[in-house]
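Work out the full structure: start from the sequences and follow the hints.
There are 2 protein chains.
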Amino acid sequence: MKIDPSLTPFFSPQGVAIIGASLDPTKLGYGLSRNLVQSGYRGAIHFINLKGGNLMGHPVYRHISETPDPVDLAVVLIPAQAIPAAIEDCAQRGIKALIIASGGFRETGSQGAALEDKCLDIARAYGVRLLGPNCIGLIDTHLPIDTTFLSPPGPTPGDVAFISHSGAICAAVIDWARGQGFGLSRMVSLGNQSDVTETDLLAPVAEDPYTRVITLYLEGVSDGRRFLEQAQAVTRQKPVVALKVGRYMSSQQAVASHTGALAGLESAYNAAFRRAGVIRAETTEELFDWARALAWCPLPKGRSVGVLTNAGGPGVTAIDALEAQGLNIANLSSGTEAALRDLLDPAASLKNPVDMLAAATPQQYAGCLQVLLDDAHVDSVMVILPPPPMHTAGGIAKAIIPVIYTADKPVIVALMGERLIQEAVEHFRAARIPEYRFPERAAEALAVLTQRAEYLTSSSEIQERSLQPFNDLNSVAVGSIISKYDSGGFISQEDAFDLMNAYGIPTVQPQLAQTAHQAADLAEEMGFPVAIKIASPQITHKSDVGGVLLYLQNSQEVENGFAKVIENSQAALPDADILGVLVQRMIPAGQDVIIGAIQDAQFGALVMFGSGGIEVEGLKDVQFELAPLSIKEAKQMLADTWAGKKLHGFRNIPPADQGAAIDVLLRLAQLACDYPQLAEIEINPLSVLEQGKGAFAVDVRVRLGG
Amino acid sequence: MKIDPSLTPFFSPQGVAIIGASLDPTKLGYGLSRNLVQSGYRGAIHFINLKGGNLMGHPVYRHISETPDPVDLAVVLIPAQAIPAAIEDCAQRGIKALIIASGGFRETGSQGAALEDKCLDIARAYGVRLLGPNCIGLIDTHLPIDTTFLSPPGPTPGDVAFISHSGAICAAVIDWARGQGFGLSRMVSLGNQSDVTETDLLAPVAEDPYTRVITLYLEGVSDGRRFLEQAQAVTRQKPVVALKVGRYMSSQQAVASHTGALAGLESAYNAAFRRAGVIRAETTEELFDWARALAWCPLPKGRSVGVLTNAGGPGVTAIDALEAQGLNIANLSSGTEAALRDLLDPAASLKNPVDMLAAATPQQYAGCLQVLLDDAHVDSVMVILPPPPMHTAGGIAKAIIPVIYTADKPVIVALMGERLIQEAVEHFRAARIPEYRFPERAAEALAVLTQRAEYLTSSSEIQERSLQPFNDLNSVAVGSIISKYDSGGFISQEDAFDLMNAYGIPTVQPQLAQTAHQAADLAEEMGFPVAIKIASPQITHKSDVGGVLLYLQNSQEVENGFAKVIENSQAALPDADILGVLVQRMIPAGQDVIIGAIQDAQFGALVMFGSGGIEVEGLKDVQFELAPLSIKEAKQMLADTWAGKKLHGFRNIPPADQGAAIDVLLRLAQLACDYPQLAEIEINPLSVLEQGKGAFAVDVRVRLGG
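These protein sequences, in sequence, are chains Y and W. Residue numbering for the first sequence follows our numbering, starting at 2 and increasing by one per position. Residue numbering for the second sequence follows our numbering, starting at 2 and increasing by one per position.
There could be a bad hint or two in this list.
Any copy will do: because identical chains look the same in the list, a pair fits if it lies in one copy or spans two.
To be verified - Simulated pairs of lysine to aspartate or glutamate, DMTMM-like, Cα-Cα distance not exceeding 25 Å:
1. K239 - D209
2. K119 - E89
3. K621 - E267
4. K633 - E267
5. K28 - E424
6. K28 - E419
It should be emphasised that the hints constitute simulated quantities derived from the structure, not laboratory data. On a predicted model such as this, the values are computed, not experimentally measured, just so you know.
Next comes the structure, spelled out in structure tokens:
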């Protein structure tokens, strides 16, 4: 990961100036000064306030220009109007990194937004980087430094980094983490992020050796593709968990296709997170439940979980929760059962979940846990600990911690209770062993560890994920079609089919013949059988006038048919302009699927695969991915939908030409990627014939962006 | 609710004897004695132990027969082998209610099960009721009484009752509730429930005036239909929340239909809980999160929620969470906005979520909350409280509690943090106002209150839920069809169609004609067009031999056709036995749905409605309900599936005859209910024609139970 050097002063400043430091303990400018001093920051500390004076043993300068060296970071908490000048003053003093804590900018309306833009212009002109405005600042518990004005105590040092679009959530998380028994490494509040964004900070925060997991509270991302690229680089090194909110707040884009209607705003985020290996949490508690497990546990080699309990009920609860998470209940090897039998009461249950019974001793807990960990069929273990009637939970914790410490498999503890388990909670937290209140949350944490392990395995197979190379894409044809249209809106169906053909997507495009001979030639080219249909702008209900003939088997039938449909049409509507006859290949019945693409405002081209036809929006059997696609990703889209599973064959549904469907999906993804002006493309249906017979776009709609 | 008087001694005993009381503080029999004495139980306390002596100021009798009056409940904790005699001794002493805490019964294997059966036989012979064996006993914090041996402290008095199939979970919940700030009213551990079951206890526990909500930890129910009936009676009075586990533990029943394959074991539980108004929690934390809200809050009149916050991020999180729960974000009335404007900083956001900004005072919190509660568009309010930078969370709690107290709408508090909100937590808990750690959990609690309110409204419309009366069901015909079969397995297709006809379900059943004239008569009866098909056991591929004619429009065509298909068949296969010709009505293309029924081992007849055809198991677009069905329930099954929504019409899919489909569903439910020996019935497809044209069973399969 390459770190932008202009961001370095934020995370390892030599000297920090607080502009707006205050001697009045009721002011936030006092809190800021206090936190910086009390954080134990070892660089130079400079306070600036027009009134001068002395604060916590440091002189208060009247102007930033008076500050002695070293100083390379300024934290600014003064009225918004004074900020532009302050940025300029800082730049002239040689300070190239500013944290602007003050509010009164974009969040207050258009005047504030103008002021914010002005600040950014000045900063850009001087090469100054801005964090904020309207932010809480940042904390590094290991450097250490605290540039916030939050009420003490600050966070406990730890290994979880937190980057947040909300300052209030930073304050809540710092306070809450203490009660949950985990510490933070770095915390950054982004505020209005006029300059530095969540994406900019991923690499610098990941670089921190104390950070073992990065958590994000996101209300969006500033640049979808850049986020994807940065996050992909980071997640190969360290896990990233994100809570993305605002799914119901943003207004829907205007869409004219099924693809657009089904995509919403979250499909692109889900696809981007999946591709980047970012784990998406649905709640704040999940975010940090999962972060603890990711920070503290080795990763499992597979999905099989051993459960160790001293009571039946919690064991059943655990099994339910693990199965609901898609994990497997490990089949214990016979050697394991024998070893457990030696350790336990004869009435104990030696099958998974292993129920040691209520009287289980600390030694039995430790011994059985070791036996489970030694079983090659067990990839991870959940230890369940309700208040034990005969022993203390604390005693059991002390007995099993050494076993967990030396294990190379993850062990998650489900502690049940409050007062009677408090000592155990403290032991586990001190040992950095994740504990959760009930088996359900513990199961989620194990599932996330598994997800992380599987991501690392798949991202290490990077060569397999290479994109499909196409040598037969006709850009000239696409360009000439697009250039025919001045403005947005749907392009003609003929052009839409031509667009498909230009990217090598087979269609059953109707073609116009003006003579019987031409019709026969076209039919020969397409292959029989064909259908012919009268082409006339005045005739919409073609079959009503005898203007359609189906299943014509040879040239002779086509030539005769040409004459017949023209005759029929002229008889029915003598005034109609007859342009000729459309010839269309008739394909056998196949499996109909939908393949579509839209341009997501944030992440660009997004493709969809799923159950098509007129019911597509009702069934919602669709899957989205960012374009372009690798073959592996395209296959996964098929595997994740019922439409795709059916292509593989299902009961008496025969298998279809999956390879052809994947080829169309890849080509459409490439087209959407190459031409962002194609706002929506939808093939519905794509008829996928039996194996080896191909897949054909039967209907295509393409809308150009405005 | 009628309470079984034989259960009264469990909940209001005049005197309690502990058989197996121990003077040794390391023994559970000591803990039992200690808990009973320390619970403050005001009736007579008697200890029994062969060794005699004196325990906590009470004499220890050597035998139950020596116990003086009053004594009507015994708690037994002695070796399993001695229990049968103890039951007999108790009965002879006039004690008709026993709690058997001892283990060593069914849970240990077949020998234990035999001993348990023996105990039950003795108890039944003497009219004695048993709780347990292998249970922890019961607690009533208000009577008060504690018959458990659990380590102190016992639960805080409160208003949440807990009935559990797991003793370990009882122990955990008692301990955990203290940390969560709620108390228990009654707690019962059921153990092996050889006699008294979860269903028996619903009414006695609900009757307790201190109990405001009943929570259940269930590993199953002992008698599905009785549970349904008891729970229905209880939930009209008091809310019931259940955590049902073991969904992955029980082995699947053997099934031969799509209906059976899709039902699994949980469909019946889900249907039963829904019908009984039992709220199903997925995790232990949800169980009690929801119980607190149900115990402490008034119910909302609608789904519109007002959100009051002092920061944007948590507001966005709340909106997401509320929308995900299917609740609405209230549209505040203009009067509300004006009133808020008077109270708040000009930069505050007056739209919902109302963001008072970080500096919001306790007075602003209280004032704005009152304004929101006064808005007729607001049915409930979520108050969000991250650690406030300028004020204390405790101060804000004190300011808003009086407003919440006097409100007739529910107010749920989302407190964010730990240390800085601790005082607020304590204020809210003391005031019995539900508080949760983040907006997501608060939103769930509001959704559950809404679900409860809607259930009460719908169950008060009880007359509307009356079943559909059928006067045209032909039981004689059904009986004679079933009696044709000696053993289980599929019945013939002809019988299956006849079964449908007997219950008034229209079919396109083929009927055999042996003469041309008979064929024409049958066709006249069915209505044209019809198809005719050769009937011969040797001819399976009927159309290959010219044995099928479609779309015959009148009697003449049928008579001619009759001769023709016989002639064709005889020509093709001269040796075939010709039974005649099958005549079948041809119906226009309709919407195909599946309607099925199976017999659930626990709850009896269960019906299914959904998307049919060969893809039914892939789409899983189905809904289950217990039979018989009310019209309202049948309509709801349609509303809950895509197949049902389509019958209503969707885009260019025309509406179909929903009434006819509902009629078939009701009739099939009635049939499955009336004849439990019909193990599986499946109509797939039922073709639902356009409005007014009916719905016809095109294919029917019926399997008789073994």
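List of violated hint numbers, smallest to largest: No numbers; nothing is violated.
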